[in-house]
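Protein chains: 2
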Amino acid sequence: MNRSPHRIAALASSALAALVALAAPAVAQHAVPRAPAAVAPEVAALRDAALKDELAYELVEGLTTEIGQRLAATDAEARARDWAVKKLTALGFSNVRAEPFTMPLWLRGEEEAEIVAPFPQKLKLVALGHSAATPPKGITAELVVFPTYGDLVAAPAGSLRGKIAYVGNSMQPTQDGSGYGANGVARFNGPGVAASKGAAAIVIRSIGTDTHRLPHTGTTDFPEGVKPIPAAALSVPDATLIERMAQRGQPIRMHLLLTPRSPGPSQSGNVIAEVPGTDPRAGVVLVGGHLDSWDLATGAIDDASGVAITAAAAKRILDSGHRPRRTIRVVWFGAEEVGGLGGAAYAERHGKERHAIAAESDFGADRVWRFETMLPETATAVGDRLASALAPLGIVRGAGKAGDGTDIAATIATGVAGVDLNQSGLRYFDTHHTPDDTLERVDPEQLRQNVAAWTTMLAVVADAPEEIGPVPRS
Amino acid sequence: MNRSPHRIAALASSALAALVALAAPAVAQHAVPRAPAAVAPEVAALRDAALKDELAYELVEGLTTEIGQRLAATDAEARARDWAVKKLTALGFSNVRAEPFTMPLWLRGEEEAEIVAPFPQKLKLVALGHSAATPPKGITAELVVFPTYGDLVAAPAGSLRGKIAYVGNSMQPTQDGSGYGANGVARFNGPGVAASKGAAAIVIRSIGTDTHRLPHTGTTDFPEGVKPIPAAALSVPDATLIERMAQRGQPIRMHLLLTPRSPGPSQSGNVIAEVPGTDPRAGVVLVGGHLDSWDLATGAIDDASGVAITAAAAKRILDSGHRPRRTIRVVWFGAEEVGGLGGAAYAERHGKERHAIAAESDFGADRVWRFETMLPETATAVGDRLASALAPLGIVRGAGKAGDGTDIAATIATGVAGVDLNQSGLRYFDTHHTPDDTLERVDPEQLRQNVAAWTTMLAVVADAPEEIGPVPRS
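In order, the protein sequences belong to chains L and E.
As numbered in full-length UniProt numbering, residues 1 to 474 make up the first sequence, in order.
As numbered in full-length UniProt numbering, residues 1 to 474 make up the second sequence, in order.
Check the hints yourself; a few may be wrong.
Below are the EDC-like pairs computed for lysine to aspartate or glutamate, each with C-alpha atoms no more than 20 Å apart in a straight line [as the list claims (entries may be wrong)]: (1) Lys137/L - Glu110/E; (2) Lys122/L - Glu111/E; (3) Lys352/E - Asp443/E; (4) Lys137/E - Glu110/L; (5) Lys122/L - Glu61/E; (6) Lys122/E - Glu99/L; (7) Lys227/L - Glu243/L; (8) Lys86/L - Asp319/L; (9) Lys87/L - Glu99/L; (10) Lys122/E - Glu112/L.
Quick caveat, the hints were computed from the structure, so don't treat them as lab data.
Working from the sequences, and respecting the hints, build out all of it.
Here it is as structure tokens:
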């Protein structure tokens, strides 16, 4: 999962809505009418059978074992597309194809850092996506320690000239992932802010909730007119070490070497597979996740799990013996991590086709605890049927507006309705964007619950007799 | 903690004894007579006050923050000795000094590995201590996958010629640490076995109980006449990845680059501090841990905690206002990890002095759950008093023979009595010898319980009126 500013805003608004709901649950929790709805027996049967799913784990195991890391626009991502086309074809989906697009390639280089004074110690860090490089021999400079992003923002203009900025945080796990938006700003915007104040480089405490020596990468953005500087994330223990050193009061000097490079344009692509519907006018149900990963690990939870969950759920509809009203389109997006390029390419190519619903799985492999909808008035009953059908999986209905997800953002922005199946974020940021995002992070039992939730959602939504047209944006 | 073959044997014997005890607890659990003993009020007071100890944590924090890694015979280990002498002097101990010795230096170099076929993926590994180097550009060879050490041993002579051996394990946490002896043999002896069968190199699954991308280093030994080969440990997820690849049945080729070197002799040393006793003929109570660490992390649990716990306990006796009968000698040993050289140097220099008891803390920072003794017949009552005094800390009496610890092994071998305060090993091998051995691993509350246990032990033992002479070795 990458979080664009768009998603941060969505998160903040969702967190606010949740707060309002907590304050007055009976009144504010749901804006649209709620009616207890019966669960169709065929939906319940599909849901319960999915709790024994083996396909999703098999897909995650295959992708992580046979491909591994698949950074956007690299040969590895291309191998992943070939693997995906072959696998989805073998599973019996229709219209399976890759849709390539061109994008700028960014590649990690050497990454070394050490405190040279007052207490010489080597540090573990990783460059952030879009980081600039240091000179080939690195830089050595005074470290200015900002405990929080707010402290960095408050630093006087020019005060960081020639220095390396350090920015801390105190991120804690939250079930709805809202800690990421609140703390992630140090990664999203911190490097740009430090650069604008003259810093030679910036190192941040990883945006993560673990205490392992495994730094969290992720993209950063430099504003127009601000020259990018070297930007990296320290593992949490390395960050706390620096903060303890700073408490001793002596000046701290750091040596930093980062040699990422941007070799030019290269090819990425989306992979598409369909379960054909009976009524082309009813609109496509778009589901998926992203096929690319960061380059530090095999991307098991970010996002092999998401592509696996959505494909496994669609496969259950395909195999149900009942052809759904709406076409289910599974998209495994390319180049999400580096800026949501696959989602944008999809919207550019398919944005004029009628979409009924868009939904994305990109928050790991842990259980779905909540669902939210953004549906037109005509389809309110669809949300109520979802509530009844998902409840036996332990899923509650949330008050936020659905449509979250970098890959579907460009499609949702055109007014397409959305359903979010929110996974628990309590463990997600322990390993998000780290070398630790491997198959070991996937709990098969929770993964199955996800498949059951998505199967249920598809069964309800793809066959809904209601019109599901555009949703007016507020 | 390093485990020499001596310690493995001790562990195996201790595990066997525990098994016997479980089978017939009332009969076999304790070989010597047991008598409920009263707890002297001054011992209880010292014990309970130690549960509020701040010094041990302060020492661990200081050593990890101001020194960091302190690999044997490096400048960092020398800085640690200077730091230790200064700190122990400031704390008011007597006869504080460093006792240098010379030893061979081994230094880690570059470490890279990847599967080149059938599924190209980069791997995380670290060289084992005493590993040989590959050629500067590395080697590329077929990987032969042995699920267990036994499978490697069973391989025909010469069958590994020119190949890289992989050895797996399934280590699980155990409270008494016995899983280390059982699985660690793949590290202690595996490289020698692989070399003797003609292997070009060996990679093992880390001897560890975690699933993080942080490999566990540690020494290995090559037998006389066997030429050392490159030897490394893969992180557990990288090891399971290889095992999953192997299940696909295609030949696996690995590229491996390791460039450790042995630049020649260099200086290490022990640091000694004393609480002087009143009766020189009663013998010294020797306690301590090791000051050196592996080079991958700050060595918070291995073994800053051990030196801190034992010094903090001795400091409590020093400050109690009561001068003990026996001199308490705190030794922070050098060069434990690379073969127990500090312990050997100590025994060579001080072996002729009379020692009453030797005890070592080198199993992390988690709580003491058990104690064991090895006392002469004359001092049986000391063990019974320890049982009563330690029981309120939740410590049970074990049936094994005490004297465990690489640093005290050479002293114990001369017939000196021993007391072991066994810490829980349930978390220890998650981070042992990895980059994750940092301050975050230390639970201040459990660290205090350790200080209380050691303070209690010192209060009982240093003042015991009984003669504590040599123990006949069986």
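These are the hints, each one checked on the structure:
Taking the CA atoms of Lys137/L and Glu110/E, the gap is near 17 Å; set against the 20 Å cutoff, the hint holds. About 16 Å separates the Cα atoms of Lys122/L and Glu111/E, which keeps this hinted pair within 20 Å; it holds. Annotation: proposed proximity of Lys352/E to Asp443/E is violated, straight-line Cα distance about 38 Å (limit 20 Å). Of the supplied pair hints, the one linking Lys137/E and Glu110/L holds, its CA atoms being roughly 17 Å apart against a limit of 20 Å.
Note on Lys122/L and Glu61/E: the hinted pairing holds, with a Cα-Cα distance of about 17 Å set against a maximum of 20 Å. For the given pair, Lys122/E sits about 28 Å from Glu99/L by alpha-carbon distance, which is inconsistent with the 20 Å threshold. Simply put, Lys227/L and Glu243/L have alpha-carbon atoms about 28 Å apart, too far for the 20 Å limit, and the pair is violated. Between Lys86/L and Asp319/L, the direct Cα distance comes to roughly 18 Å. Compliance with the 20 Å bound is thereby established for this hinted pair.
The hinted pair formed by Lys87/L and Glu99/L meets the criterion: a straight-line CA distance of about 16 Å does not exceed 20 Å. Distance restraint check for Lys122/E and Glu112/L: the Cα-Cα separation of roughly 18 Å lies within the 20 Å cut-off, and the hinted pair is therefore satisfied.
Hint violations for this structure: numbers 3, 6, 7, all remaining hints satisfied.
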